[in-house]
Every structure is written in structure tokens, then in C-alpha cells.
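Full structure from sequences and hints, please.
Going down the list, the sequences are from chains Z and X.
Numbering that gives the first Met the number 0 numbers the first residue of the first sequence as 0 and each following residue consecutively.
Numbering that gives the first Met the number 0 numbers the first residue of the second sequence as 0 and each following residue consecutively.
For the record, the hints were derived by calculation from the structure and aren't laboratory data.
Think of the CB as a built atom: it goes at the ideal place given N, C-alpha and C, for glycine as much as any other residue.
There may be inaccurate statements among the hints.
[As the list claims (entries may be wrong)] Derived list of chain Z stretches under chain X, where covered just means 3 residues or more per stretch with a C-beta under 8 Å from a C-beta of chain X:
1. 4-11
2. 53-59
3. 63-69
4. 79-86
[As the list claims (entries may be wrong)] Keeping only pairs whose Cα atoms sit at most 20 Å apart, straight-line, the calculated SDA-like set for lysine to any residue is:
5. Z/Lys-10 to X/Phe-135
6. Z/Lys-35 to X/Asp-248
7. Z/Lys-51 to X/Met-152
8. Z/Lys-103 to X/Phe-244
9. Z/Lys-48 to X/Gln-245
10. Z/Lys-83 to X/Phe-244
11. Z/Lys-123 to X/Ala-130
12. Z/Lys-51 to X/Asp-248
13. Z/Lys-83 to X/Asn-242
14. Z/Lys-83 to X/Met-249
15. Z/Lys-83 to X/Asp-248
16. Z/Lys-10 to X/Phe-132
17. Z/Lys-83 to X/Asp-247
18. Z/Lys-51 to X/Asp-247
19. X/Lys-2 to X/Ile-347
20. Z/Lys-51 to X/Phe-132
21. Z/Lys-35 to X/Gln-245
22. Z/Lys-35 to X/Phe-244
23. Z/Lys-51 to X/Arg-246
24. Z/Lys-35 to X/Arg-246
25. Z/Lys-123 to X/Phe-132
26. Z/Lys-83 to X/Phe-135
27. Z/Lys-35 to X/Asp-251
28. Z/Lys-10 to X/Cys-129
29. Z/Lys-101 to X/Leu-150
30. Z/Lys-83 to X/Gln-134
31. Z/Lys-51 to X/Gln-153
32. Z/Lys-18 to X/Ser-240
33. Z/Lys-32 to X/Ser-240
34. Z/Lys-83 to Z/Tyr-11
35. Z/Lys-10 to X/Ala-130
36. Z/Lys-123 to X/Cys-129
37. Z/Lys-48 to X/Phe-132
38. Z/Lys-83 to X/Phe-132
39. Z/Lys-35 to X/Thr-238
40. Z/Lys-83 to X/Gln-245
Here is what each chain is made of, one letter per residue.
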Amino acid sequence: MSIAYWRERNKYYRILGSKCKECSTEYFPPVYKCRKCSSERLAEHEMPKDGKILAYTVSRDIITGFEDQEPMALALIELQNGVKMIAQIADASPDQLTVGDKVKAVFRRVNVNGEAGQIFYGYKFVQSGKKT
Amino acid sequence: MKKVLIGGASLGKVGDHWNKSIVDLAVEAGSAALKDAGIAIPDQIVIGNMFSGFSSSQENLGAIVADNLMLQGTPALKVESSGASGAMACNVADSFIRSDQANSVLVIGVEKMRDMEPTDAVLATSLGECASFTQFFGISQTAMCALLTSLYMQEFEISRDELSVFPVIAHKNAVPAEHAQFRKAITITDVSRSMPVSDPLRLLDCAPIGDGAAAVVFCSENGQAKDTSVEIAASAASTDSLNFFQRDDMFDFAATRRALARALSIAGVSLRDIDFAEINDSYSSVAALSVEALGFSNRGEGARDAKEGKFDLNGKVPISTFGGLKGRGNPVGATGVYQMVEAYRQLIRTAGANQVKEAKIGLLHNMGGIDSSAAVHILRRID
Numbered sequence: 000m001s002i003a004y005w006r007e008r009n010k011y012y013r014i015l016g017s018k019c020k021e022c023s024t025e026y027f028p029p030v031y032k033c034r035k036c037s038s039e040r041l042a043e044h045e046m047p048k049d050g051k052i053l054a055y056t057v058s059r060d061i062i063t064g065f066e067d068q069e070p071m072a073l074a075l076i077e078l079q080n081g082v083k084m085i086a087q088i089a090d091a092s093p094d095q096l097t098v099g100d101k102v103k104a105v106f107r108r109v110n111v112n113g114e115a116g117q118i119f120y121g122y123k124f125v126q127s128g129k130k131t
Numbered sequence: 000m001k002k003v004l005i006g007g008a009s010l011g012k013v014g015d016h017w018n019k020s021i022v023d024l025a026v027e028a029g030s031a032a033l034k035d036a037g038i039a040i041p042d043q044i045v046i047g048n049m050f051s052g053f054s055s056s057q058e059n060l061g062a063i064v065a066d067n068l069m070l071q072g073t074p075a076l077k078v079e080s081s082g083a084s085g086a087m088a089c090n091v092a093d094s095f096i097r098s099d100q101a102n103s104v105l106v107i108g109v110e111k112m113r114d115m116e117p118t119d120a121v122l123a124t125s126l127g128e129c130a131s132f133t134q135f136f137g138i139s140q141t142a143m144c145a146l147l148t149s150l151y152m153q154e155f156e157i158s159r160d161e162l163s164v165f166p167v168i169a170h171k172n173a174v175p176a177e178h179a180q181f182r183k184a185i186t187i188t189d190v191s192r193s194m195p196v197s198d199p200l201r202l203l204d205c206a207p208i209g210d211g212a213a214a215v216v217f218c219s220e221n222g223q224a225k226d227t228s229v230e231i232a233a234s235a236a237s238t239d240s241l242n243f244f245q246r247d248d249m250f251d252f253a254a255t256r257r258a259l260a261r262a263l264s265i266a267g268v269s270l271r272d273i274d275f276a277e278i279n280d281s282y283s284s285v286a287a288l289s290v291e292a293l294g295f296s297n298r299g300e301g302a303r304d305a306k307e308g309k310f311d312l313n314g315k316v317p318i319s320t321f322g323g324l325k326g327r328g329n330p331v332g333a334t335g336v337y338q339m340v341e342a343y344r345q346l347i348r349t350a351g352a353n354q355v356k357e358a359k360i361g362l363l364h365n366m367g368g369i370d371s372s373a374a375v376h377i378l379r380r381i382d
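Here it is in C-alpha cells:
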């Protein structure tokens with residue numbers, strides 16, 4: 000897991016996706032081929048850090064290694080460029096969440112890996128404004 | 000085109016098999032299906048399984064099962080397509096026969112889930128999603144599905160109780176089914192008030208965790224099967240974007256829709272000809288989106304059609320006739336083969352209390368991920 004973490008770190012730290020050089024469509028995670036125009040000419044592109052909640056859930060369906068994070072607030076987020084992603088919502092009690100709330104990306108501890116205790120970091124989102 | 004016939008079949012009870020390993024379960028089902036078909040040595044073995052390496056530290060399932068069936072020498076392999084592994088094993092077996100590579104193929108679907116800790120079972124069933132962006136963050140498949148469910152309910156103004164109808168149908172049909180995991184009827188209120196798992200999904204919205212194995216023998220017309228009364232009229236599959244939220248239309252199960260179109264065309268039948276359908280009711284919302292993608296309901300109307308009785312055992316299109324994934328159980332990689340055996344029983348009219356009257360054509364729908372893989376089979380009784 001830790002080599003894979005190292006390899007993906009820019010995606011986890013900066014939400015580094017891709018942008019088509021032909022039609023300007025943006026992607027996260029990055030794609031090999033543009034899904035709109037099929038171009039293979041894509042460049043690395045950092046996602047905007049602001050978005051809004053399209054749907055949210057409070058999950059008690061916990062996978063190994065995340066037992067101490069139950070319950071976990073998760074949301075489907077639409078970023079300002081229209082890209083959609085699923086991420087954890089930090090620092091919020093679930094009854095404060097509403098569809099349409101504004102959120103912004105933050106850099107947080109995701110998990111502690113294995114016996115060595117390596118800390119994995121990555122993006123989470125926090126509320127930045129109520130639905131308008 | 001060549002005919003593919005079902006020569007025989009077998010299934011085991013879904014549930015807790017503390018005394019049986021994944022190999023025990025597979026060998027038991029495989030051996031019984033071969034006996035049922037009257038075939039001693041099949042030309043090929045295909046095993047449908049999703050995560051034996053993770054759950055039982057066992058791969059090379061083809062060889063270990065062949066060895067224990069005393070079929071050393073018979074080529075054998077495992078097929079994996081997440082939750083659609085069972086149906087995709089059938090799809091591969093169908094190709095072996097249609098392409099003249101084999102006259103008889105033993106297909107075994109097997110999954111061992113109960114040896115795992117509950118959090119490992121959640122991880123195992125989430126392995127079909129994009130690992131780098133779901134597993135890494137602790138996002139389970141059920142949580143992803145919950146987000147889709149929430150959007151679906153918002154978009155089509157579907158109430159909690161409307162969604163609850165699918166598990167009620169499944170459990171009702173599971174009551175008389177001896178091999179079903181949950182032979183207990185439940186009410187809409189039971190579902191709507193069950194424990195939240197990942198809201199809006201509650202415990203009784205979600206297919207359970209259980210061990211199980213089922214097997215079926217596919218034969219060509221030269222395959223010397225005892226039974227020649229049911230044919231695989233079509234076997235078709237398709238795929239779609241792994242992440243449902245990257246699709247242009249999140250409420251269109253396009254992999255299912257494309258597999259269905261191909262299957263209907265291969266079989267030369269129309270939807271009106273379908274007497275019953277085994278659908279992939281892994282979650283209440285997935286059941287609703289599935290009947291919509293399969294064309295039995297208009298967009299956003301699956302749950303309301305269910306409420307009006309359309310999918311009951313005596314309704315216009317009976318679904319999940321032995322309980323489906325929710326009631327019979329969902330031993331993931333075995334599920335598609337369970338559907339195959341159940342549909343076969345319907346068509347040879349040995350379904351007992353679950354019998355769909357005068358069933359001639361059955362449709363089977365099995366899904367991996369959130370419709371990232373889908374397979375549709377059509378079975379036809381030859382009179």
C-alpha cells in the first residue's frame with residue numbers, strides 16, 4: 000500500500016487530475032484518453048478546491064483500517080469546473096449537512112497504515128458556506 | 000447457430016457454512032451438478048468467483064476444484080467480474096460450446112464470505128470499485144451506492160416506503176425456497192425502520208453476506224446430457240464507467256441496457272415474451288434502477304411499479320422468484336450461477352411454491368460494481 004500511496008501522492012495531496020488539450024474537458028481522477036473527444040493529448044491539471052454537495056451519507060459500513068472513523072460522513076461533490084468526486088466531509092456533524100452546501104478541499108490525515116504506522120494524507124472537504 | 004443446453008444443475012443453501020471451505024462448497028455443488036446431468040467427465044470447467052484470494056488465500060481455483068472432483072486433465076479456469084463473476088462464468092462457458100471448443104462445460108459459482116471479519120467482508124465486496132480513490136479513503140461500495148440512492152430518490156421523488164417494496168418481494172419469495180438464506184417475510188415498515196447502514200440505505204435494503212455454491216452443466220446438442228429441455232437462448236455482457244458519477248446519466252444502467260439489447264437480439268425475442276426475471280437486487284435502489292434499465296419500468300417508476308404488484312410472483316413480470324440477492328442471499332461470485340439454476344428450475348417446472356405459471360422464457364441479470372459490469376442471459380424452454 001505504501002508504494003502505491005507514494006505513486007498517487009499528487010492526486011491525494013493536490014487533487015491532480017488531467018485536462019484535454021483539444022477540448023479542455025477536465026478530469027479527476029486523470030484519464031488516459033479524453034472521454035468527450037477521444038484525444039490522447041492530456042496534460043496534468045489541478046482541480047479547483049471549491050465545490051458543492053450533491054448528495055451525502057453517514058456511513059457505518061466501514062472497511063478494515065477505518066474502524067475508528069465510524070461513522071464516516073461522505074459526499075458526492077461537484078467542483079466548480081463540473082468534475083464530480085466522492086470525498087469525506089470533515090469537521091461537520093451530519094445533521095448540519097444539506098444538499099447544496101458549499102465545501103472546500105483541505106489537506107488531512109486519511110489513515111495510519113499497518114504496524115509501522117505510516118500516516119497517509121489526502122484531501123477531505125469541509126463546509127465553507129450554507130446552501131444559497 | 001449452435002444450441003447450448005442445460006444438462007443438469009445443483010445448488011447449496013446460502014448462509015453460514017462454518018464447517019466448509021471454499022473448495023468443499025465448490026466440489027459439493029460441482030459433483031451434484033455433474034450427477035444431475037449424467038456426465039462423468041466434462042470437457043471444460045469454468046468457475047465464477049470474485050475474491051477467493053482475499054477471503055480464503057486461495058487462487059488457482061480451477062485446478063484445485065478439478066483435482067478434488069477427480070477431473071485431473073480437464074482444463075479449468077476462474078472468471079472474475081466482481082458481482083457479475085457467476086454470470087460471466089456462464090458467458091465464457093456459453094462461448095466454449097458455441098465455438099466448438101467443448102461439448103460439455105461444468106460451471107461452478109462459489110464464494111466464501113463468512114470466514115472474514117465483518118470489516119474485511121465490506122472491503123472484499125468493495126474490491127470492484129476504483130481502489131486508489133475508494134479503498135484508500137475508506138469508502139465502501141455500499142456508501143457509494145447510498146449516494147446514488149440519495150440522488151435517485153431526490154430526482155424522481157421516491158419515498159422511503161416506495162423503495163422498501165423490493166426487499167419485501169424478495170423475502171416473500173424466499174420463504175418457500177429451501178436454499179434461501181432468509182426464509183422470513185418482512186414488511187415495508189421493517190425495511191424502512193431497519194438500522195441505517197449508510198443512509199438512505201438501511202440494513203434490509205442491502206443483500207446479506209453468506210457462503211454459497213451453485214453449479215450448472217452446459218452441453219451442446221452432442222453433449223449427451225440427460226435433459227435437453229432448456230436452452231441458453233442468449234448470453235450477452237457489457238461494461239460502463241466504473242464510477243457511476245462520471246457517467247453522463249447517473250440513473251441509466253447502460254451496461255445492463257446494452258447487454259439486454261444484445262441478448263434480446265441474439266435470442267430473437269422481445270421483452271413482452273419474458274415470463275420472469277432474476278434481477279440483481281443487491282440494494283433496493285439497484286433493484287429499481289435495474290428493472291428500469293431492463294425496460295420493465297419507465298425511468299424513475301421502478302419502485303412504484305413494484306408497489307402496484309407488477310413484480311410479484313403472480314404479477315406481470317415476476318422478479319427474484321426464489322428471493323433474489325436480498326432473500327436467497329448474495330454469495331457474490333456464485334450469485335449469477337444461482338440465478339441460472341433457479342431459472343432452470345422454473346423452466347423445467349420444478350420450482351414448487353415458487354413456480355411461475357407456464358414459464359417458457361426467463362431473463363437473468365447479474366451486475367458487477369454499480370453496473371460497471373453487467374451480464375444478461377435469456378433461457379428458453381424447448382417444448
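Here is what the structure says about each hint:
Counting residues of the region 4-11 of chain Z whose CB falls under 8 Å from any CB of chain X gives 4; the rule of at least 3 is met. Judged by the Cβ-Cβ criterion of 8 Å, the region 53-59 of chain Z is covered by chain X as claimed, because 7 of its residues qualify and three suffice. Coverage of a stretch by a chain is defined here by at least three residues with a beta carbon nearer than 8 Å to that chain's beta carbons; for the region 63-69 of chain Z and chain X the count is 5, and the condition holds. Only residues whose C-beta sits within less than 8 Å of a C-beta in chain X count toward coverage, and the region 79-86 of chain Z has 4 of them, enough to reach three; the restraint holds.
Taking the CA atoms of Z/Lys-10 and X/Phe-135, the gap is near 12 Å; set against the 20 Å cutoff, the hint holds. Proximity of Z/Lys-35 to X/Asp-248 is assessed by CA-CA distance (about 14 Å); at most 20 Å being required, the pair is judged to hold. A threshold of 20 Å between alpha carbons decides the hint, and for Z/Lys-51 with X/Met-152 the separation of about 19 Å falls inside it, so the pair holds. The suggested pairing of Z/Lys-103 with X/Phe-244 holds, with an alpha-carbon distance near 19 Å, which does not exceed 20 Å.
Straight-line distance between C-alpha atoms of Z/Lys-48 and X/Gln-245 comes to about 18 Å, which keeps the hinted pair within the 20 Å bound. Between Z/Lys-83 and X/Phe-244, the direct Cα distance comes to roughly 6 Å. Compliance with the 20 Å bound is thereby established for this hinted pair. Between Z/Lys-123 and X/Ala-130 the alpha-carbon distance is near 17 Å, which keeps this suggested pair within the 20 Å criterion. Taken as a hint, the Z/Lys-51 and X/Asp-248 pair is honoured in the structure, with Cα atoms around 19 Å apart against an allowance of 20 Å.
Using a Cα cut-off of 20 Å, the hinted pair Z/Lys-83 and X/Asn-242 holds, with the two alpha carbons roughly 10 Å apart. For the suggested pair Z/Lys-83 and X/Met-249, the alpha carbons sit about 11 Å apart, so the restraint of at most 20 Å is met. The suggested pairing of Z/Lys-83 with X/Asp-248 holds, with an alpha-carbon distance near 13 Å, which does not exceed 20 Å. For the hint linking Z/Lys-10 to X/Phe-132, the alpha-carbon distance of about 9 Å falls within 20 Å, and the restraint holds.
Using a Cα cut-off of 20 Å, the hinted pair Z/Lys-83 and X/Asp-247 holds, with the two alpha carbons roughly 11 Å apart. Under the criterion of a C-alpha separation no larger than 20 Å, the hint pairing Z/Lys-51 with X/Asp-247 is consistent with the structure, at around 18 Å. About 17 Å separates the Cα atoms of X/Lys-2 and X/Ile-347, which keeps this hinted pair within 20 Å; it holds. For the hint linking Z/Lys-51 to X/Phe-132, the alpha-carbon distance of about 19 Å falls within 20 Å, and the restraint holds.
Note on Z/Lys-35 and X/Gln-245: the hinted pairing holds, with a Cα-Cα distance of about 12 Å set against a maximum of 20 Å. Taking the CA atoms of Z/Lys-35 and X/Phe-244, the gap is about 15 Å. The hint holds against a cut of 20 Å. Note on Z/Lys-51 and X/Arg-246: the hinted pairing holds, with a Cα-Cα distance of about 18 Å set against a maximum of 20 Å. A hinted pair counts as satisfied when its Cα atoms are at most 20 Å apart, and Z/Lys-35 with X/Arg-246 qualifies at roughly 11 Å.
About 12 Å separates the Cα atoms of Z/Lys-123 and X/Phe-132, which keeps this hinted pair within 20 Å; it holds. Annotation: proposed proximity of Z/Lys-83 to X/Phe-135 holds, straight-line Cα distance about 18 Å (limit 20 Å). At roughly 18 Å between alpha-carbon atoms, Z/Lys-35 and X/Asp-251 fall within 20 Å of each other, so this suggested pair holds. Annotation: proposed proximity of Z/Lys-10 to X/Cys-129 holds, straight-line Cα distance about 14 Å (limit 20 Å).
This hinted pair checks out: Z/Lys-101 and X/Leu-150 have alpha carbons roughly 17 Å apart, not beyond 20 Å. With a CA separation close to 18 Å, the supplied pair Z/Lys-83 and X/Gln-134 stays within the 20 Å bound. Proximity of Z/Lys-51 to X/Gln-153 is assessed by CA-CA distance (about 16 Å); at most 20 Å being required, the pair is judged to hold. Proximity of Z/Lys-18 to X/Ser-240 is assessed by CA-CA distance (about 18 Å); at most 20 Å being required, the pair is judged to hold.
Between the alpha carbons of Z/Lys-32 and X/Ser-240 the distance comes to roughly 13 Å, so the proposed pair stays at or under 20 Å and holds. For the given pair, Z/Lys-83 sits about 15 Å from Z/Tyr-11 by alpha-carbon distance, which is consistent with the 20 Å threshold. At most 20 Å may separate the alpha-carbon atoms for a hinted pair to count; Z/Lys-10 and X/Ala-130 meet this at roughly 13 Å. Between the alpha carbons of Z/Lys-123 and X/Cys-129 the distance comes to roughly 17 Å, so the proposed pair stays at or under 20 Å and holds.
Under the criterion of a C-alpha separation no larger than 20 Å, the hint pairing Z/Lys-48 with X/Phe-132 is consistent with the structure, at around 17 Å. In summary, the hint linking Z/Lys-83 to X/Phe-132 is supported, as the alpha carbons are separated by about 13 Å, within the 20 Å threshold. Of the pairs offered as hints, the one joining Z/Lys-35 and X/Thr-238 holds, with about 18 Å between alpha carbons and a cut-off of 20 Å not exceeded. Annotation: proposed proximity of Z/Lys-83 to X/Gln-245 holds, straight-line Cα distance about 7 Å (limit 20 Å).
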